[in-house]
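Q: Produce the entire structure from the sequences given, and follow the hints as far as they go.
Sequence lines, in order, name chains L and A. Using this note's numbering, you'd call the opening residue of the first sequence number 1026 and step up by one each time. Using this note's numbering, you'd call the opening residue of the second sequence number 981 and step up by one each time.
Treat the hints with caution; some may be incorrect.
What the hints assert, rightly or not - Simulated pairs of lysine-lysine, BS3-like, Cα-Cα distance not exceeding 25 Å:
no.: 1; chain 1: L; residue 1: K1205; chain 2: L; residue 2: K1033
no.: 2; chain 1: A; residue 1: K1067; chain 2: A; residue 2: K1108
no.: 3; chain 1: L; residue 1: K1033; chain 2: L; residue 2: K1175
no.: 4; chain 1: L; residue 1: K1175; chain 2: A; residue 2: K1108
no.: 5; chain 1: L; residue 1: K1092; chain 2: A; residue 2: K1138
no.: 6; chain 1: L; residue 1: K1205; chain 2: L; residue 2: K1152
What the hints contain is simulated information worked out from the structure, not anything from laboratory work. Since we're looking at a predicted model, the values are computed, not measured.
If you want the building blocks of each chain, they are given just below.
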Amino acid sequence: MSEATATKSILPTGTWQVDPVHSQVSFAVDYHVGTFRGSFSPLNGTLTVAEDGSATLTGSVPASGVKVEAEQLHGHLQSPDFFDAERAPELTFRSSAIRPAGEGIEVEGELAIRGVSLPVVARGTVKEPTTYAEREYLGLHLEASIDRTKFGIEWNNTLPDGRPALDNEVRINVDLFLVKQQ
Amino acid sequence: MRILSIPGSIRRDSHNLKLAREAQRLAPAGLEVAIFGGLAALPHYNEDEESGQPASTVLELRTAIAEADGLLFATPEYNGTIPGVLKNAVDWASRPVDDPVLRNKPAAVIGASTGAFGAVWAQAELRKSLGIAGARVIDAELAVPFADAAFDDQGRLKDPAQREQLRAVVDSLKSAVEERAALARA
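A: Given below as structure tokens:
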């Protein structure tokens, strides 16, 4: 079975648009003894699944749309120390391959953060498509892990014992609520 | 192009004021370096005063920074870090949080101290603080150690290598300003 045919077995054909209200891109990074979490909104995205099963997932969020608990941190995250929103106003993703993986799905693609584009692999699950009020809906959950320093986000602060406070590994969670375009 | 230089010491014969003046002299044609002398007049930063109209001296600082294309900080080192008056100015300029005048502003940090290291700790602390406040801190440095003996009677840097390094810092700052302006036009 070809990759496209295999993909067709888990993803229904059509053009599926992200509903930004019910979708989220969030991140978590270890900070000292805890975990620092945040999210981005609004999320734009489209999943296209052709009749032959070949599929493409694209998405973007504005760097200025980063959401965290503290207002002061919101400003710092947009600054050159982190996402550098002035120079790189968008974070984007474009898949290069989508295939079934075990019970779920694997999505390979290019993630661009701070103007640096690097390959990532996300794994996740597909929720059974449903129809409600004559519209078709599909849910997709994806997880990936990246090294933020490879995208040029190298900020850190040193703890009193000399260790860096902020981890380099960032865990990304994507929850997509997709609506089929008619 | 207008650069605002902020010396971190308010002492009359400040070595860092001399550094700022040297930057004025070494600046290429078309680049104006103004020196901010209002640190001593700023009230202590107090978030309570954020809600109403800030003091006129705070407005002067914010306006001077807003109207500058780039910033050149020259800091001494007091007790291993930035002088309180300088940190106070950074704190005022980092507010209001939704649109502080420091955000994305190209900024360079240099420093002079009477010790053997030329205020490198204070410079590192100031770069960190400016970065957190949202400034575009450029990767250029000048540390002038033994500052008591570093300037001649006219207040010029004696060491030609230090003059060259200061010129290079100003050039890097100029490039960062030009790059930002090109981005705004794009």
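Q: Which hints, by number, does the structure contradict?
A: 3 and 5
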